[in-house]
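There are 2 protein chains.
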Amino acid sequence: MPDVKHFDPEVTLDQVVALFWQRGAEVTGIADVVQATGVSRSSLYATFGGKAQLQAAALGRYLERQSRPVFEALAADGRGLPAIAAFFERLVAARCSGVHARWGCLVTNTHVTANAGLPEIREILERHHDALRAAMRAALEAARTKGQLRAGLDPGAAAEALTLQAYAVNLRSRAGAEAGVLLAGVRAVLDGFATSEER
Amino acid sequence: MPDVKHFDPEVTLDQVVALFWQRGAEVTGIADVVQATGVSRSSLYATFGGKAQLQAAALGRYLERQSRPVFEALAADGRGLPAIAAFFERLVAARCSGVHARWGCLVTNTHVTANAGLPEIREILERHHDALRAAMRAALEAARTKGQLRAGLDPGAAAEALTLQAYAVNLRSRAGAEAGVLLAGVRAVLDGFATSEER
DNA sequence: CTTATCTTGGAATAATCGTTCCAAGATAAG
DNA sequence: CTTATCTTGGAACGATTATTCCAAGATAAG
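Protein chains in written order, with my numbering: chain A, 1 to 199; chain B, 200 to 398.
None of these hints come from the bench; they were simulated from the model.
These numbers were taken from a predicted model, which means no experiment stands behind them.
Do not take every clue at face value.
Stated by the list, open to error - Not the full set, but computed from the structure, chain B residues with beta-carbon under 7 Å of chain A:
#1 308
#2 324
#3 357
#4 360
#5 363
#6 366
#7 370
#8 380
#9 384
#10 392
For glycine and all other residues, C-beta sits at the position ideal for the given N, C-alpha and C.
Start from the sequences, fold in the hints, and give me the full structure.
Below, the structure written as structure tokens:
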């Protein structure tokens, strides 16, 4: 008997992700969301509950739609170091050019926001970090079996180092860093993990 | 003949730095500044001009008082790789424990804020980046003369990589990352730059 | 002590914040 | 087509935003 929603919450959430990603969630008001999505305040609150929950939902969706596929591709790529290099080349390209140029990464950006301390947000941040580090580690293990890694390298520490590099790329790209500079930095780290023959 | 200020602008600016650094400038209102400093709105506006300029002034002061001394110490330290290691050990300690634990770095945090695009802010961000990278490069050159670096290492790219690592340490520490994990990541990068005898 | 000049406290501004509320509209089952 | 139930548009809410304004207070020179 009841009425049904006049909009698609999935589509709306995608629009909210874009909004929070580009402008920043803290400086984006509900009025902005209403204008960008065409959905009224009432429907927004009835569907998502409030800004904090909308923010958490958008962050979770970003992780699933933007980050996770790339992480899984990296973890499944068996090439070793070339897979990691390709990951960073795609990352830098996505951060510095194209539709999302200079937007940074929503997860990285969220690290610095005021509500980063909330348990619900912190959990997603940690999930993102663990997923990326695990993917990096898988790629490093593949590199190891192919004899691409120098002796004595700790894969866990190396995976953490590469994950940190990715965060920094996201951060600096939003502030206008040049793609070439970022890639050179990444390449230096990667070369340090390789055998002298591989680099 | 005129009246003189009833407060010390230098002291006030230091208090503002602490406020913006810990809480974030975007979510800190002028009312918060008034309460924390004890200086009235009128005096604040008469002295600093407005929030945007207050923010730029605080950022500039952070760079001079917090960052610059450490950068200069790094650049002047002639030990080479141990100097860089010491820099990161102090950094991680300052970010994860003590008075400023989990505050991150004001400059790093500002990369993600909405007004990071303003020319006045962007300039300070770039100044900070150049200063840190130059200090890293100086330390790497010292390492080179001491024969600590592996053959074929590009000092510029390596300096950029280490600078990026520092940003990531700042970012992740604010979100609660463990000191040991951060140090392990840094160590992995540093080891990759060293000769097999040095690491 | 008068006076010129700056500073200060606090009220007031208009705009925006997230959120709530309710009447009007839309839906689909009976 | 009636009716029960949800959705929707939009007004309204109190709180907070950055900023402005002005009278009252404080200072130091003459």
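Evaluation of the interface hint that places residue 360/B against chain A, nearest CB under 7 Å = holds, 4 Å
Under 7 Å, Cβ to Cβ, is where residue 357/B needs to be relative to chain A, so tell me if that hint holds or is violated.
-> holds, 5 Å
Taking 7 Å as the limit, does the beta-carbon of residue 370/B come near enough to a beta-carbon in chain A?
-> Holds, because the Cβ-Cβ distance from residue 370/B to chain A comes to roughly 5 Å (cut-off 7 Å).
Residue 392/B as an interface hint toward chain A, with CB separation required under 7 Å | Given a least distance of 6 Å, the restraint on residue 392/B holds.
With 7 Å as the cut and Cβ atoms as the points, is residue 308/B at the interface with chain A?
-> The hint holds - residue 308/B has a Cβ within 7 Å of chain A, the shortest such distance being about 5 Å.
Identify whether the interface hint at residue 380/B stands, where standing means a beta carbon of chain A within less than 7 Å of its own.
-> Given a least distance of 6 Å, the restraint on residue 380/B holds.
If you take the shortest Cβ to Cβ gap from residue 384/B to chain A, is it below 7 Å?
-> With a minimum Cβ separation of about 4 Å from chain A (threshold 7 Å), the hint on residue 384/B holds.
Status of the hint placing residue 324/B at chain A (closest C-beta pair under 7 Å) = Interface hint status for residue 324/B: holds (5 Å vs cutoff 7 Å).
Restraint outcome when residue 363/B is required to lie within 7 Å of chain A by C-beta distance | holds, 4 Å
Measuring from the C-beta of residue 366/B to each C-beta in chain A, is the shortest one below 7 Å?
-> holds, 4 Å
The structure shown violates none of the earlier numbered hints.
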